[in-house]
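Hey, can you work out the whole structure from these sequences and the hints?
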Amino acid sequence: MKNWRKLTFAILLLLPTFASAQNFPAKPIRLVVPFPAGGPNDIIARVIGQRMSEISGQPVVIDNRGGQGGVLGTDAVAKAAPDGYTIAISSAGALAISPSMERVAYATLTDLTPVTLVATVPEMLVVATNVPVKDISELIALAKAQPGKLNFASSGPGSLPHLAGELFKLTAGIDIVHVPYRGAAPAVNDLLGQQVQMTFLDLPVLLPQIKAGSLRAVAVGSLVRAPTAPDVPTTAEAGFPALRIENWYGMVAPKGTPQEIVAALHRLTTQAMADPAVKEKLAAQGATLVGDEPEHFRSFIADETAKWAKVIKDAGVETAK
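With mature numbering (1 follows the signal peptide of the UniProt record, and there is no 0) as the guide, the letters of the sequence shown map in order to residues -21 to -1, 1 to 300.
Be aware that a few hints might be false.
[To be verified] Okay, derived cross-link-like pairs now, PhoX-like style, lysine-lysine, Cα gap no bigger than 25 Å in a straight line:
#  : residue 1 : residue 2
1  : K289      : K123
2  : K113      : K148
3  : K128      : K292
4  : K128      : K113
5  : K123      : K148
6  : K113      : K123
7  : K128      : K148
8  : K190      : K113
9  : K190      : K260
10 : K234      : K6
11 : K148      : K286
12 : K258      : K190
13 : K148      : K292
14 : K123      : K292
15 : K234      : K286
16 : K58       : K6
17 : K58       : K234
18 : K148      : K289
Just so you know, the hints here were simulated from the structure itself, not pulled from any lab data.
Here the structure is a predicted model, which means the values were calculated and not measured.
In structure tokens, the structure reads:
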């Protein structure tokens, strides 16, 4: 009898959670974007958030909280109430790289609850038009012939483009010099001005200059060719499968969010992602939608964290930890 009473009590405790999950969402959802408006993270969140709102009948309010490469906005979600009404679509940098590069106030897989990997966006390796190479093999040969003479731009120390360049150095056995900038725009500007020789950046950022002939695409860091740049070979095709470099964006909630609420968020998000109009809009941005299960996304984050931590260590990248 005593055990029956305990079981009954436990069931009664769970009933409010089941009820709230069944009715979720019952009020507006705040979707934090840890970057300023207008960038790839913001565009992806707005397109998916709009469809989530249409499906659920509740507003999905975009809250841009830029700063520290996505860390500040991600930390705000880690500290939010675990009720499913404050979530984020954050990036590889804030979720898998920054915790190894600097002191952050959260541990990704301890203080946040993975919901789903939303999208991947390949990094494109491009060179300035005065660099006399047509493909990655020629670029490597040029770098080996002139050790320490070529440089690569990034959007800042510890950014994905920075670590992409470091991985390139390690994989190809070349000596090229890192030149950090305060964001992608000034890096691209100096690349166009031929002040630097190459960079890895999100494909959508570079595509207009590639199409205009202002920059030369050398390789794309995904497993398959990008539909928006079908003539550009992948790094794997070029013989460097370890040089797989993709930015990615995933939905996370605060730690302690009930599993039933996480499941409801997952259903709502993946339903929005399945909409043909959403797919079309984000494909135009060079994004490939994923929509995996929470546990798979958790494993993915762990793998990505380990990958970039190894690059940071092996390349001797200076950290602020």
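Exercise for review: List in ascending order the numbers of the hints, as given earlier, that are violated by the structure.
Suggested key: Hints that this structure does not satisfy do not exist here, as all of them hold.
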